[in-house]
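With the sequences and hints as input, model every part of the structure.
The residues making up each chain are set out below.
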Amino acid sequence: MITPPAMTFREWNGPLTADLVREPAKFGLGQVPSRLVPDATTKAICGFCSTGCGLKIHLKDGEAINLTPDPDYPVNIGTACPKGWEALSVLDAPDRAKMPVLHGKEVDWDTALRYFCDTMRGILDKHGPEAAAFLSTGQIVFEEMAFLGALAKFGMGMIHGDGNTRQCMATAVTAYKESFGFDAPPFTYGDFEESDVLVFIGANPCIAHPIMWQRVLRNQRNPEIIVVDPRFTETAMAATQHYAIKPKSDLTLLYGIAHLIIRDGGLDSAFIADHTRRFDEFAVLVADFTPERVSAETGISAERLVHFAKTIIEGTPRVSFWWTMGVNQSHQATRTAQAIINLALMTGNIGKPGTGANSITGQCNAMGSRLFSNTTNLLGGHDFRNPAHREKVAAATGIPVERIPDRPSLAYDQIIKAADEGTVKAIWFVATNPSHSWIDQNKMNRVLDKLEFLVVQDMYCTTETAKRAHLVLPAAGWGEKEGCFINSERRIGYSPKVRRAPGQALADFHIFRLIAHYWGCEDLFRGWQTPESAFRILQRCSENQPCDITGIEGHEMLRKSGGVQWPLSREQGSKFEVSSFKERRLFEDGQFYTPDKRAQFVFDPPEAAPEQRSEEYPLILMTGRGTSAQWHTETRTGKSAVLAKMMPEELMVDVNPVDAERLGLCDGASVRVVSKRAELSAKLRVTTCVNPGEVFLPMHDNRVNQLTHASFDPHSRQPSYKHSAVRIEA
Amino acid sequence: MIRDMERKTSSGGSPVGILEATLREQQTLRTPVALFSDEYDSKSVRERFTHLIPLSKPEPGEQYAFEVNLDACTGCKACVAACHSLNGLDEDESWRDMGLLVGTRKEPYLQTVTTACHHCEDPACANGCPVLAYDKDAATGIVRHLDDQCIGCSYCILKCPYDVPKFNLKRGIVRKCDMCQGRLAEGEAPACVQACPNEAIKIKVVKLSEVPDRGQIIAGAYESSYTRPTTTYVSSKPLPAAAKPADAGRLELDHGHPPLAWMLVLTQMSAGAFIGCAVAMWLNVLSANEAAITSAAALVFGLAGIALSVLHLGQPLKAWRAFLGWRKSWLSREIIAFGALPGGGVAIAATWWLGNLDWMRLAVTGTAVAAFGAVLCSVMVYVDTHRPFWSLSNTAGKFLGTMLMLGAGTCAAVWIWRELPVATWAMAFTLLFRWTLSLWELSRYRSALEDESCAWHRSALVLTKHRSHHVELCGHLLIATGLLIPVMMGAGASMSWMLSISLVLMFASQVVERHYFFTAAAGSKMPGN
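From first to last, the protein sequence lines stand for chains C and X. Numbering follows numbering that gives the first Met the number 0, with no gaps: position 27 of the first sequence is 26. Numbering follows numbering that gives the first Met the number 0, with no gaps: position 103 of the second sequence is 102.
Partial list, computed: chain X residues near chain C (C-beta under 8 Å):
| id | residue |
| --- | --- |
| 1 | Leu-85 |
| 2 | Gly-87 |
| 3 | Lys-169 |
| 4 | Asn-528 |
Over the 10 Å line for every Cβ pair with chain X, so calculated as not near, a few chain C residues:
| id | residue |
| --- | --- |
| 5 | Pro-93 |
| 6 | Gly-121 |
| 7 | His-274 |
| 8 | His-388 |
| 9 | Ala-729 |
Simulated from the structure, these hints should not be mistaken for lab results. Quick caveat, the model's predicted, so the values are computed rather than measured. Quick reminder that beta carbons are idealized off the backbone N, C-alpha and C, glycines included.
This is the structure:
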């Protein structure tokens, strides 16, 4: 753009300067760019991760034009990570799905819906209710998840449905259920600020949950921060103690720490006696985990192990334990999570400020999925096998009880296995991209290609899975529809519709309503008119459960109050005040959700990871988050030019200098990373952030899961992404 | 609306009805906005960040500066995103960037480093700008870029040792951080300060006398004596001595600036030809007509070079202001000096037309001196960027060598066509300059490559990694012009054709060399990833 000069020696102002002029905006925003001055604002919850930040949406003529983090939201207190800042720009991507696509050709909705219903019905009629399954997500509002689960199981008659939350949170769910009697993360983010000792196990919040880390840094108690991670991550750098254990020796380490806490007098015997079960058996197990043994198996010196245990003993009763994918994605994930819970229980670090065995969740609505997706659990954390539960949900939803299956679904990997074996013939994927993200990806793709009918419902028609689909249903994204998310600390927040969806993309809620109509079962879903009416139904389902939310007065209350943490029963609701209900933790009375109200010590001896180093594959590959600007398979974050600036342009494999030297390779060299299953090319990043014998690849590149070895935790069926054997070649 | 439709559908309405209603509903935004608009924060931006910006304006002898607390920076990059969003920048534009410092095998270390403009006390960008498109505010010390004054010459990009100004292709100008001066003036924090979850970025008032004029602001940053950057990085933990940028080992090509490469070679060729012409005139071996033809050739090359340089500008219509920066900017001086070329051409033409050989000799000599001065300015334009590859000896050697070689080559080619005996001398000098320049360049490149302590070792590595084929090509052209063509002439090939081809090939060789002069410059920057 060539502009003519003004007839002055110096042009202090002009059209190019005007481009960047900022002017005061109302709504407490301060100055904003002149062309982005809003005429109104509203509040939303970020739709990326489980932190659940509040975002203030700037509106012009009712449409979102910009956003800033919400300073009044109790989660993020006015800040957001780059993904949140860029939440609107990824909606404008040119590859948004705008029309249904059937066998590669755009069709109208009527054709697509008829085809969907005819084909699904054909398969279910011919092969029975187990022949079709749905795979849901932690990325959509829970009113939609619940509608999907209810429609597929109660309306269309499917038995099997699971979610991509199997890849991130299934372990925490299973661990909490067994230990506490309900899937109940006990903490509130305030605990980050209230702890004297914070123990992070397999978690890198600096990068993966930056706004939670903000809460850690707000801690005024000068806390000890312990990080257990094979890698020297950003969080490890910021910690006061870092234990770089051998990959997947975490369970051994935790048992070793339990051993030392018992040996060095760190037990809260009164709490153990009054509120727990099976401690004695646990003590017998950990008696064998002497510092010498644990040191040999984890690579941490006995002296440092003692220091670790001593830090916990001295920090009690303000020690909080935090874990995420490093623990959850393991071959013995559930027991590892429970080993963390055991440490909290035996030291009484639970139900008090700055304590807890706390699972940091992954996706924005993984918690909503855990309660309301109607996959593993019947709506509201109920059990499909329990007749009383089925009756209760039937009454709450108005669905005839005989339409509610009396058995839970297969887990994700079991559904895929069934598809491989030919018993499942149709899968309906909603807002997830397994063709990129599932472990041992090549095998997954071979199974997907076998399916008689593969439906993908997504914002983008270019995801790896959508490209394989027979039918793509174009979905509206975050900001183009309304509903609620539940974050890691059980906070339910409301997110409004502030953008028009492109083309004929429709909110998932609308799509489900249309399918109900075309399927002919809309009478069953008469109550599911809007997300808010669905919310009312789900409230009724939650009644008298630990996650009781009957005290919430609809979306408007959520929006006004800065979110509400569950539980909020009718009784609590009548006393609700924003200030006193801002941060609440569970188990303050020591009463757990088990029948005898006692928390249970659950444990098993550690086992070696299924795929070990060999001469041919001498390195252990770990995968995980790349940068704070990247989200999972990057269907969204890959669309922002600003976020693209923040990530490496090429796939980098982190290798220790010792291994690089042994291989005769220098920093930046082009290498091949080879596993038994596949190989890929990457650039070598020589770094001390990984130990010798270990390498790291970020999960966002769509080739990385071709390498990973498919093993699963036997209890949670969660895939183990953190331990595959590879070699590196020039 | 949808509910009404629904009722109709279930009582016998068509599926198309409910579809249309749903699609219409999806496109309707009114409801939520009407319900939930006009939100006010409990505290305004101004109130929320008072502790992160100074309470009072800088006094005389003071200025605003960024302070980054490394202990609080965890690399979330919210500052980068917020700068983009809150300033309404282009798709991939942000005035903050994030880099990484790493340790060694024995001393593992990891530190993210957020960086923006350092609002230097002695800003190199402003000192180099030919049109005074930078203004260092007297009261705040903020180095502000005047977007409407900018001609898009990119010289500030070469001048800034921190890689701060960025060229905006869409607008044809450079843009950079202004420390959100409008926000600061109203007591509001800059976008990046507002965005940091950990309050790692602050605005401070610093005394100018206390701005360090030696050392580095952080490992990997350029020596502070050049521009006196005001940003301070603080940490409770001392940085390990071995900490280095994560991208320190990466060898990347810089921008090639093709119009500049051509412009430099053409103007140097022109200056050399004018000098050759003047020398021949003083030796009384050129008639007025021959001198006119030689000067005309020199002038054509010079004007072509100047014309090409305009292609380099994003806002060429504003280039008339390029004289404004003459007090400090070598680029401004270079432009003024080359401005003398057309004048010299007119003087030479006039004296030739008048038929006065003495005056004409003076006119040619004057033009040659002006052109030589302009070439010296060209040398200083690059030397003044403080890039090791563009050191005085390197740049002067290349530019003056090109001038002599192509000047002699032009004279030789023109004179051989005119069948002048002096062409033999010009040919001999061309050959001498050809070999001297190439062997000098080659030996310097070799020693820079082998000597890790050489200031431009990195440039030599970039050349080897990315441009070895260019160096090779120059070598082939040397053999062609320095050996094959002379041998062929000795064997009786047409002298006039051979010398013309030789000139073209030498010119090509210098354009290739000038291209990697830019791409291998290995400009300094703040730590990257």
